[in-house]
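Trainee: The residues making up each chain are set out below.
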Amino acid sequence: MDINVTVNSKPTSADVEPRRLLVHWLRDDLRLTATHVGCDTTSCGACTVLVDGTPIKSCTLLAVQANGREVTTVEGLATNGQLHPIQAAFKEEHGLQCGFCTPGMMMVTAALLEKNEDPSEEDIRWAISGNICRCTGYQNIVKSVELAAGQIKAERADATTA
Amino acid sequence: MFPSRFDYSAPDSLDEALATLGQRADETKVLAGGQSLIPLLKLRFAAPATLVDINRIPGLDVLEESNGHLRIGTLARHNQLAADSLVGRRYPTIASAAPQIADPLVRNLGTIGGSLAHGDPAGDWGSVMLALNAEVVVRGPTGERRIPIDDFLVDIFTTSLNEDEIVTEVLVPQPEGSFGGAYLKLERKVGDFATVGVAVHLELDGDTIARAGLGLTAVGSRNIKPTNAENALGGNKCSDELFAEAARLAAEAADPVSDVRGPATYKRAVVEAYVKRGLAEARDQARARAGRT
Ligand SMILES: Cc1cc2nc3c(=O)[nH]c(=O)nc-3n(C[C@H](O)[C@H](O)[C@H](O)COP(=O)(O)OP(=O)(O)OC[C@H]3O[C@@H](n4cnc5c(N)ncnc54)[C@H](O)[C@@H]3O)c2cc1C
Ligand code: FES
Ligand code: FES
Chain A
1 MDINVTVNSK PTSADVEPRR LLVHWLRDDL RLTATHVGCD TTSCGACTVL VDGTPIKSCT
61 LLAVQANGRE VTTVEGLATN GQLHPIQAAF KEEHGLQCGF CTPGMMMVTA ALLEKNEDPS
121 EEDIRWAISG NICRCTGYQN IVKSVELAAG QIKAERADAT TA
Chain B
163 MFPSRFDYSA PDSLDEALAT LGQRADETKV LAGGQSLIPL LKLRFAAPAT LVDINRIPGL
223 DVLEESNGHL RIGTLARHNQ LAADSLVGRR YPTIASAAPQ IADPLVRNLG TIGGSLAHGD
283 PAGDWGSVML ALNAEVVVRG PTGERRIPID DFLVDIFTTS LNEDEIVTEV LVPQPEGSFG
343 GAYLKLERKV GDFATVGVAV HLELDGDTIA RAGLGLTAVG SRNIKPTNAE NALGGNKCSD
403 ELFAEAARLA AEAADPVSDV RGPATYKRAV VEAYVKRGLA EARDQARARA GRT
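Residue numbers (my numbering), protein chains in the order written: chain A, 1 to 162; chain B, 163 to 455.
Please note: incorrect hints may appear among the correct ones.
[Stated by the list, open to error] Residues from chain A that face chain B, not an exhaustive set, calculated with beta carbons under 10 angstroms: (1) 57; (2) 100; (3) 111; (4) 161.
[As the list claims (entries may be wrong)] The calculated label-pair distances, taken between Cβ atoms and stated as ranges, are: (5) 451(B) x 82(A): 31 to 39 angstroms; (6) 211(B) x 4(A): 23 to 31 angstroms; (7) 79(A) x 417(B): 15 to 23 angstroms; (8) 126(A) x 382(B): 42 to 50 angstroms; (9) 417(B) x 121(A): 52 to 60 angstroms.
By construction, these hints were calculated from the structure, which means they are not laboratory data.
C-beta atoms are modelled at their ideal positions from N, C-alpha and C, and glycine is treated no differently.
Build out the structure end to end from the sequences listed, making use of the hints.
Mentor: Here is the structure:
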């Protein structure tokens, strides 16, 4: 089936089998391998991407379901080789160890900060509660999200006063 | 893991969806949120020849009060119900259950109609809808049927929905008088199904119970409506003794099995404790509402 999907702001057309999962299309066909498959059983959130801005598990959505929609992966965060504030914050606060869960964590963070520029610790823990991390104990992930929130807010304030 | 081959269509009208479904209903599955169906396809527990994706049909996500009911479109996502302000104000049992279902990512896709049609006795919506005496509206080749939820849920993964029918909405009677409700869920971790879940809905006239609704999750081969407990409550004045008696009757109606989530005796004890606690919470909410008006 022919599909047209905007992937990381780029219009992308393909002929996919209906049974093709979104994550396989992204990773194997488009070679966007930042999105990880952790469990393949809808349990871990490593495969999280945004579809029309909403975080979902791409191992549990068919590529054909994304037809006509916008898909954003971690590769879509950085601009002109410049790390996105969320990526910079995860680096700064050591929000990752092995890094396997990190793409999913960053995508739920992006969706959270879009809706709530000043999340409390509880808001953050609630937002990432569908994403499992086996390394960090979550503490530094929460700190990373807090730092990212502050950075993005400051950038927005600069932009409006400038 | 990936599913076996199937044909796929994503019609933009219900009539078209019903027509496709009607062609070979026994080999076709409706795709809603996909959060139960796609995992089953990947495990090859299900291998339908055709999938009819209803996500592009406009209007199936309505959420409004009309003609004495809250109309919940079949495609209303768990997260939509968790965030809705009308639901928050008037349907505390729904508002309390929604954010406890699965995890935030699954809640962004999973739908109320898909949950009910799936017929999982560990599903949370079945109990909520039993407590609220909801009806399920379904469309088939010969028209529309309204099925009381207690008749809709039949057995484990079995409902009274025919293969050629599609759930279109769920109708919840509007609450009367002062009301309160809660959903109490014991789970091992976020994203796990309930060890035990209890849905409670109360409508009070003064301090007399005009209507009591209960539903039990994960303690039987379907969601259970403990009618003996409901009947014991109806028409009586709120008291701790009455709530204790109702809780005992509800625990009697539960029929849990021992499994990784705990032994049957433990689950039955949780039902009793949660019904008591849920009734007290619902009563307090109803009293607070009465005080405000
Ligand atoms: C990790 C995880 C945790 C979960 N935890 C919970 C939990 O704690 N509590 C809980 O209640 N659920 C839980 N679920 C299940 C989740 O709520 C599903 O979203 C829900 O059970 C199915 O809804 P869906 O819209 O995704 O349906 P789908 O997966 O699309 O469909 C499920 C079934 O219903 C049929 N169907 C769907 N819509 C219709 C319709 N309109 N008419 C006719 N048939 C239809 C399909 O053909 C299929 O057989 C969990 C799921 C996952 C993956
Ligand atoms: S790989 Fe999709 S949820 Fe784990
Ligand atoms: S950093 Fe290793 S799983 Fe999260």
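Trainee: Now, for every hint given, state plainly whether the structure supports it.
Mentor: Tested hints:
no. : hint                                : verdict
1   : 57                                  : 5 angstroms, holds
2   : 100                                 : 16 angstroms, violated
3   : 111                                 : 9 angstroms, holds
4   : 161                                 : 32 angstroms, violated
5   : 451(B) x 82(A): 31 to 39 angstroms  : 53 angstroms, violated
6   : 211(B) x 4(A): 23 to 31 angstroms   : 26 angstroms, holds
7   : 79(A) x 417(B): 15 to 23 angstroms  : 58 angstroms, violated
8   : 126(A) x 382(B): 42 to 50 angstroms : 31 angstroms, violated
9   : 417(B) x 121(A): 52 to 60 angstroms : 41 angstroms, violated
Of the numbered hints stated above, those contradicted by the structure are hints 2, 4, 5, 7, 8 and 9, listed in ascending order.
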